[in-house]
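Here are the chains, one letter per residue:
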Amino acid sequence: MKLIIAYIQPETLNDVKQALLKENIAKLSVVNALGCGHQLGYTEQYRGVVSEVNLLKKVRLEIAVNDDYLDRTIDTLIRVARSGHIGDGKIFVVDLLECIRIRTGERGKEAIG
Amino acid sequence: MKIWQVFLVLVLCFFFYLTAVFVKEANRTAEGGENPYSEQAAASAAAAGEDTAQGAEQEPAGPAAGSIAAWTENLNILWVILASFLVFFMQLGFMLVEAGFTRSKNVVNIAMKNIMDFAVGSIAFFAVGFGLMWGLDRCGFCGTRYFLPTSSDVSSVNAELGWTFFLFQTVFCATAATIVSGAMAERTKFTSYLIYSLVISAVIYPIFGAWTWGGGWLAKLGFHDFAGSTVVHSVGGWLALAGAVTLGPRVGKYSADGRVNAIPGHNILLGALGVLFLWFGWFGFNPGSTLSVTPQIGYIAVTTNLAAAAGAVAAMVLASVIYGSCDATMTLNGILAGLVAITAGCDVVSPLGSILIGGMAGCLVIAALLFIDRVLKIDDPVGAVSVHAVCGTFGTICVGLFAADGTGLFYGGGTKLLITQLIGAGTAFAWALGIGFVMFQIIRATVGLRVTRHEELRGLDIEEHGMQGYPNFDTWTTV
Numbered sequence: 001m002k003l004i005i006a007y008i009q010p011e012t013l014n015d016v017k018q019a020l021l022k023e024n025i026a027k028l029s030v031v032n033a034l035g036c037g038h039q040l041g042y043t044e045q046y047r048g049v050v051s052e053v054n055l056l057k058k059v060r061l062e063i064a065v066n067d068d069y070l071d072r073t074i075d076t077l078i079r080v081a082r083s084g085h086i087g088d089g090k091i092f093v094v095d096l097l098e099c100i101r102i103r104t105g106e107r108g109k110e111a112i113g
Numbered sequence: 114m115k116i117w118q119v120f121l122v123l124v125l126c127f128f129f130y131l132t133a134v135f136v137k138e139a140n141r142t143a144e145g146g147e148n149p150y151s152e153q154a155a156a157s158a159a160a161a162g163e164d165t166a167q168g169a170e171q172e173p174a175g176p177a178a179g180s181i182a183a184w185t186e187n188l189n190i191l192w193v194i195l196a197s198f199l200v201f202f203m204q205l206g207f208m209l210v211e212a213g214f215t216r217s218k219n220v221v222n223i224a225m226k227n228i229m230d231f232a233v234g235s236i237a238f239f240a241v242g243f244g245l246m247w248g249l250d251r252c253g254f255c256g257t258r259y260f261l262p263t264s265s266d267v268s269s270v271n272a273e274l275g276w277t278f279f280l281f282q283t284v285f286c287a288t289a290a291t292i293v294s295g296a297m298a299e300r301t302k303f304t305s306y307l308i309y310s311l312v313i314s315a316v317i318y319p320i321f322g323a324w325t326w327g328g329g330w331l332a333k334l335g336f337h338d339f340a341g342s343t344v345v346h347s348v349g350g351w352l353a354l355a356g357a358v359t360l361g362p363r364v365g366k367y368s369a370d371g372r373v374n375a376i377p378g379h380n381i382l383l384g385a386l387g388v389l390f391l392w393f394g395w396f397g398f399n400p401g402s403t404l405s406v407t408p409q410i411g412y413i414a415v416t417t418n419l420a421a422a423a424g425a426v427a428a429m430v431l432a433s434v435i436y437g438s439c440d441a442t443m444t445l446n447g448i449l450a451g452l453v454a455i456t457a458g459c460d461v462v463s464p465l466g467s468i469l470i471g472g473m474a475g476c477l478v479i480a481a482l483l484f485i486d487r488v489l490k491i492d493d494p495v496g497a498v499s500v501h502a503v504c505g506t507f508g509t510i511c512v513g514l515f516a517a518d519g520t521g522l523f524y525g526g527g528t529k530l531l532i533t534q535l536i537g538a539g540t541a542f543a544w545a546l547g548i549g550f551v552m553f554q555i556i557r558a559t560v561g562l563r564v565t566r567h568e569e570l571r572g573l574d575i576e577e578h579g580m581q582g583y584p585n586f587d588t589w590t591t592v
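Listed in order, the protein sequences are those of chains A and B.
Take the first sequence: its position 88, counted from the start at 1, is 88 in my numbering, and no numbers get skipped.
Quick note, my numbering runs 113 ahead of the 1-based positions in the second sequence.
Among these hints, one or two may not hold up.
Once the Cα atoms are required to be at most 25 angstroms apart in a straight line, the calculated DSS-like pairs of lysine-lysine come out as [to be verified]:
hint, chain 1, residue 1, chain 2, residue 2
1, B, K490, A, K17
2, B, K366, A, K22
3, A, K27, B, K366
4, A, K109, A, K27
5, A, K27, A, K2
Listing some non-contacts, in silico: residues in chain A with all C-beta distances to chain B over 10 angstroms [unchecked claim]:
hint, residue
6, L3
7, A19
8, E23
9, L28
10, C36
11, G37
12, R72
13, I78
14, I86
15, V94
16, E98
17, C99
18, R101
19, T104
20, E106
21, R107
Facing chain B, from chain A, some residues (calculated, C-beta under 8 angstroms) [unchecked claim]:
hint, residue
22, E44
23, Q45
24, T76
No lab work stands behind these hints, which were simulated from the structure alone.
Since the structure is predicted, the reported quantities are computational estimates derived from the model, not experimental observations.
Heads up, the beta-carbon is just placed ideally off N, CA and C, and yes, glycines get one too.
All chains should be built: construct the whole structure from the sequences, respecting the hints.
This is how it looks when you write it as structure tokens:
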């Protein structure tokens, strides 16, 4: 079992969600996030004053998958969330020790289902 | 040379021209000539009483005509200027309805569109539009004089009200212009929208206005549009349709498999506030169109109010039958539908008739919304086409049925007025939709009408205006 944590551009969220659904990956959490990568922020203008925005708005996806779904999920994320520009985001994959569905008490593979 | 540079040069030329006119005018006054904006200039033109395009009977004007007459005149001016301010207030309503019914990433753009179309439109209407609309001369198609009007010009058009009448016309023109904004929300290039608002205020609205209110051929046919169901709302609404069709739907509105997706508005409370502002402003729009203080003001306010109320009730009931819940956005559209529909006949229909017209408009707007959204697959985020074009046309035709002064079909007046109303509504359809398509196609081919997909997804606030509407709120995720 793996936990995929992906930071993507907010405007790609809808496309990513649709694409994941097509790959039969329907269970995900979405969290708003602030962050800073290689872009080092961007500039915004407010009443003629340029302000450096150092932290960018990103969306963090958390997807728990069984091992056989791992590559598929990562491929989909890269395919849809990539624009080729700096700031497209990153994907982290970590081992998942356990997964428990609260309603039934199922554990492991079935709980991720 | 890029196309926006051409427009910049044109705008600069226009301002140079205005400056030249200004210098000439200032020199003439300095040399002891008559100031064209003085009280005397206006009064003498009014006394001359030359061809008032209004066609209404005119009292002898000026304070010298006796104190009662002066009182009446001043009261009329006061009422119409207050009504103008109320109609101006409708701009707030349009802005809030559009902002509330769309996503938070575009609010700055929507505010800017609604403010700038009034600003650009005011200047364009002063420079060109007013003359085209009210300067009908031998050329029967459109007006040919009173461009950049002076005091004597506006007094020749309306001896009693003068500049007050001019302001009243300006805010009406701005209402027609701002209707289109809603249908084109969330995907239109800002500069293209400014060009559009220049064209409607300077040309499209005034020419149709000349045919109806300016004494043109529709007026001669006996076409009855008291406060502008057709002249203001249908013209704006059909232009909105042309704009929405030319633009195409927003990203994500229609899936490739033909599914229709909802794109919910970000603040229904703002939308509701806007509708209430519009309802309030309509008490200037319809009763103000009497252009004088008469007992009719109250009557018109009542028919206007009843139609709005009936539109709200009918739309809410129908929405709850269809969806099983009292849909707020449909109810709000129902209110506007009732108001738009009653605008043409608010002075001639009976209070009961106004309830019927408003109620039917409330049902019609839901049918039109569903038809345009589901069947025609035209993306109109706020329902501007359904509310203004469809219900405006409906209200105009209803005058031919419900006119209680004996000319309506239901009151034994036969079909004469009904046919005239149909001709008028059909003309508005052909004129606004036809010229709208031509204009938007030209804009699309030159400056471009639509932002890129990336800009649309990120939101027009950041992309077009470099700032966010709600920088301190959680508005990352965009559907």
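Checklist entry - Beyond 10 angstroms from every Cβ of chain B: is that where the Cβ of E98/A lies? => result holds (29 angstroms)
Item to check | Distance rule for R72/A, whose beta carbon must clear each one in chain B by more than 10 angstroms | outcome: Given a closest Cβ separation of 22 angstroms, the condition holds.
Next on the checklist: Beyond 10 angstroms on every Cβ pair: is that true for L3/A relative to chain B?
Outcome noted: holds (20 angstroms)
Item to check | I86/A remote from chain B - nearest C-beta pair above 10 angstroms | outcome: Nearest chain B Cβ is 14 angstroms from I86/A, so the label holds.
Checklist entry - Would the least Cβ to Cβ distance between E23/A and chain B come out above 10 angstroms? => result About 17 angstroms separates E23/A from the closest Cβ of chain B, which puts it past 10 angstroms; holds.
Checklist entry - Going straight from one Cα to the other, do K109/A and K27/A come out at no more than 25 angstroms? => result At roughly 14 angstroms apart (the allowed maximum being 25 angstroms), K27/A and K109/A satisfy the hint.
Next on the checklist: Just to be careful: measuring from the Cβ of Q45/A to every Cβ in chain B, is the smallest value less than 8 angstroms?
Outcome noted: OK, holds: Q45/A within 8 angstroms of chain B, min 4 angstroms.
Item to check | C99/A and chain B, when compared Cβ to Cβ, separated by more than 10 angstroms | outcome: holds (25 angstroms)
Next on the checklist: Please verify whether K27/A and K2/A have alpha carbons no more than 25 angstroms apart.
Outcome noted: Judged against 25 angstroms, a Cα distance of about 13 angstroms means the pair holds.
Checklist entry - Was T104/A rightly flagged as not at the interface, with every chain B Cβ beyond 10 angstroms? => result With a cut-off of 10 angstroms, T104/A remains clear of chain B, as the shortest Cβ separation is near 30 angstroms.
Next on the checklist: Given a cut of 8 angstroms on the nearest C-beta pair, is the interface hint for T76/A held or broken against chain B?
Outcome noted: violated (17 angstroms)
Checklist entry - Taking the minimum C-beta separation from C36/A to chain B, is that value above 10 angstroms? => result holds (15 angstroms)
Figure legend: structure checked against the earlier numbered hints; the only hint not met is number 24.
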